[in-house]
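Guided by the hints, dock chain B onto chain A, whose structure is given.
Protein chains: 2
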Amino acid sequence: MRGFEQAEFEARTQRAQKLMETAGLSALLLTTETDVRHFTGFLTRFWESPTRPWFLIVPAQGNPVAVIPSIGAALMGQTWIDDIRTWSAPDLQDDGVSLLAETLNELTPVDGQIGLPDGHETHARIPLADLERVRNTIGPRQVSGDQGILRQLRMVKSLAEIAKIETACGIAGRAFSRVPEIARAGVALDEVFRKFQILCLEEGADWVPYLAGGAEQGGYTDVISPARPTPLADGDVLMLDTGLVWDGYFSDYDRNWSIGSARPETRSAHARLIEASDAAFELARPGATAADLFHAMNTVLTRDAEGTDAGRLGHGLGMSLTEWPSLIPTDHTVLEPGMVLTLEPGIAVGDKILVHEENIVITEGAPRYVSPRIGPEVIEL
Amino acid sequence: MRGFEQAEFEARTQRAQKLMETAGLSALLLTTETDVRHFTGFLTRFWESPTRPWFLIVPAQGNPVAVIPSIGAALMGQTWIDDIRTWSAPDLQDDGVSLLAETLNELTPVDGQIGLPDGHETHARIPLADLERVRNTIGPRQVSGDQGILRQLRMVKSLAEIAKIETACGIAGRAFSRVPEIARAGVALDEVFRKFQILCLEEGADWVPYLAGGAEQGGYTDVISPARPTPLADGDVLMLDTGLVWDGYFSDYDRNWSIGSARPETRSAHARLIEASDAAFELARPGATAADLFHAMNTVLTRDAEGTDAGRLGHGLGMSLTEWPSLIPTDHTVLEPGMVLTLEPGIAVGDKILVHEENIVITEGAPRYVSPRIGPEVIEL
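Line by line, the protein sequences are chains A and B.
For what it's worth, UniProt numbering labels the leading residue of the first sequence as 1, then goes sequentially.
For what it's worth, UniProt numbering labels the leading residue of the second sequence as 1, then goes sequentially.
Same shape as in the complex, but just chain A (with noise of 0.2 Å):
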C-alpha cells in the first residue's frame, strides 16, 4: 500500500503532542522535508529545488497547519492536512515569513516557546536572515530546540512504515543479485554504476537517490567517491552500496563481489564482516544500546586487524539514507522494538578497506533482517 492511513498521522501528532507537553512547547516549527512529511504525508521530489522554503506548525493542541508555496497547495491538499496557508513564492520581499509569523502567533500563547529541531542530524531548511525576522515578528514568544522529539518520534517505525523500509530493500535484494548481468573484467566503473540504478529502477525502486562504491586490487580506498571510468580487473573487489526509495522510505545496504578469484586476504576479510554483524545481530534486541551494537561487531573487527575511517558501524534508517542513532562508542540509545538499523562494519586489509552493511529491525524478541542476509563467502565475477 502506497501512503498511509490518516490514523496513523493522527497518532504521530498526538504522540508529538504528549512530548510537547512535557518539554513545554507551545508548538513545533517544521522547516524539512522528512520532518514535515512525518506528520503529513507529503510526498514530492520538488523539495530538490532550493528555492522556497516550506513550513508546518504542529500545535499543542488540534492538527497540524502547513505555510506553504501556493505551488504546493494541490498536492498538500491531498494529504489529511486541511489548514493550509499559502503564499506566492518565490517573493524576494518576504517569503512567507510574515505569513508564518501571522500564524505562530495565532496558534501560540504570547509567552510560548516553539521547538525547531536543532540537535544532532538537524539543520533548519529556512534562510537565516528569514528566521531571524520571523523570530523578531513573534516575540516574546521564543523559538527554541526542539529538545530532541523528533529524533524520539522518527527514530521508532510503525508497522507500516517498516513494510516501506523492506519493501526498498528487497528491490536492491533483486538488483544486487543481478549484479553478476552487469559487471565483469573490462567494464567501466562508472557503467556499473549507472546500470546498476537501471537495475534498482526495473525491480521496482520509484527513486535511486544513493549509490556509492568502489572497485580497487583487493578492496577500495574510501566508500563516497564518485565512479570513475576505470575498467574492472581481476583482483579488484567491487562493492555497491546503495539508497534506493520506495514510497519514501530508503534501504541502504551494500555488497561485495570479487572479479576474478577472491584472493585469500579478501576472502577472510569478508568472512570476518560477516561475523561482525552477525554478532551485533544476535544482541539487537530491546533494552540493548546502539554502543552495545558498536562494542560487539569492533571486537570482532579488531581481533588482529584494523578498522576504518568511518567514524561508525551502522546507524538507523528510514525516511533519511542515515538516521538517529549511531552505532557508535559513546552513543548509549537503548533499543526499541520498530527501531530499522543498519548494521555496517569495516575492516582495513592492507591499504585499502572492505565494507559490509544489512538491515535489520528490532522487535519484542530477536531481530529480524530486512535485507536478504548473506553468507561469508564472497562471490567472484
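Quick caveat, the hints were computed from the structure, so don't treat them as lab data.
Computed from a predicted structure; not experimentally measured.
Check the hints yourself; a few may be wrong.
For chains that are exact copies, the list does not tell them apart, and a pair is met inside one copy or across any two.
Unchecked claim - Derived DMTMM-like pairs (lysine to aspartate or glutamate); straight-line CA-CA distance at most 25 Å:
| id | residue 1 | residue 2 |
| --- | --- | --- |
| 1 | Lys352 | Asp83 |
| 2 | Lys195 | Glu166 |
| 3 | Lys352 | Asp82 |
| 4 | Lys18 | Glu8 |
| 5 | Lys195 | Glu181 |
| 6 | Lys195 | Glu48 |
Chain B alone, transformed into the frame defined by chain A:
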C-alpha cells in the same frame, strides 16, 4: 572532461576574496554541498546522508580550508585543497564544533566578520545548537551573512560549467526523444516515470535526482506530485520534467505529449507556451533583467488566458536544480553572459495547466538554447 582545471578553483577563490574585501568579511563559512563544491570540486552523493556536517572556510587570503568528517578525507585529498582538518564524525558531544571554531580563530582576526550565506535560496547545513556553540566559541568574532557573495559568484557560470550543463541537457534531449518507446495509452504513469529514468541513465546521466510531471485529461493539476499507477488514457497530456545530473551539473526542462490526437485547446495552449518562451528568448541579452523576461512571457500568456500557481516563469540552473535569479516581476537581476536560465511558461487550460520549459545560456550577443528547442506542435503518442 570531468572536473575542472585547478586554475578555475583558484580564480573562483580570488573572485570571492575580492568581494569579501569590499564587504569587510574576514572569511566565508560554507556548509552546503553546492557552496563547498564551488570552491573545491568535492563531488559525492554522500551528502544524501544528513548525519554529518561538512565545513569549508574561505579566508581573506590563501586557499580554502576544509573542516570535514574523516570519512571524507581521502576524497577531499584528491581535490586541490591541501589544508584538510578532520574529526571522527559523528561525535555526539562535539561534532566538529571545536575544530571549526579553532580553525576560524586561527584564520581570522579577533574582530573579524565571518560570512555565512543567509539570504534567499540558502540554508545553513549545521544543527542550530552547534552554530550557536560556534558563535560562542569564536567571540568577539561575529558570524554574519555573506552579503550575497555566493549568489553573485554562482549565478554566472564559467565556460567549463556551461559545457557540463549542456552535456546534461543533451542527455535529457536524447531521453525525451525516446519517450515514444515507453509511453502510450494503457501504460501506468509510475511505470513511465521509472522507464524514463532508465532512458536518462542509458543516455549517459550520472544520476537522476529529479523527475516530476503529470498526465490527465487535457493537462495536469500540478507539476510536483509523484507518479501514481494510473494508466495513460486517450486525451491525456503527458508532461515529464527532469533534472538529471552529469558531473555534478543539472539539466532542467520538460516536454509534453498528447496521448492520441491532441485537442484543439491543447494545441493552441502548447503553441502559446512556445510563443511565450520565444518572446523571453528574444529579450535575453546582457542588460535585460529577470523581470523583463517574466513580463515578456506573461504578456503572451495572459493575452486571453490565465497563468498558474507556480509563482515564477523560470529560474537559474547549475549545480542546483533551481538557482537565482527568479523570473518574477520583482527580481531586477541584470542578465550577464554566463548565466544559465530556464524559461518555464505555464498556462491554464480549463481546470488543468500546461507547462513548457527550455534552458538557455546568456552570451555577449544573442542567447543560446542548451536544451534542443522544440516547435509549437504537440507530439502525439
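Exercise for review: Check lysine 195 against glutamate 181 for me: Cα-Cα at most 25 Å, and say if that holds within a copy, between copies, both or neither.
Suggested key: both (9 Å within a copy, 19 Å between copies)
Exercise for review: Go through the copies and call it for lysine 18 and glutamate 8: within, between, both or neither, with a Cα cutoff of 25 Å.
Suggested key: This pair counts as within: shortest intra-copy Cα distance 15 Å, inter-copy 54 Å.
Check your understanding: At most 25 Å between C-alpha atoms: does lysine 352 with aspartate 83 qualify within a copy, between copies, both, or neither?
Key -> between (54 Å within a copy, 23 Å between copies)
Practice item. Please work out whether the CA atoms of lysine 195 and glutamate 48 approach to 25 Å or closer within one copy, between two copies, in both situations, or in neither? Key: both (23 Å within a copy, 20 Å between copies)
Check your understanding: With identical chains treated as interchangeable, where does the CA-CA distance between lysine 195 and glutamate 166 reach 25 Å or less: within a copy, between copies, both, or neither?
Key -> Both, since 23 Å and 23 Å are each at most 25 Å.
Point to revise | Alpha-carbon proximity context of lysine 352 and aspartate 82, limit 25 Å | key: Between copies, since 22 Å is at most 25 Å while 54 Å is not.
Violation of the numbered hints given earlier is absent; every hint is satisfied by the structure.
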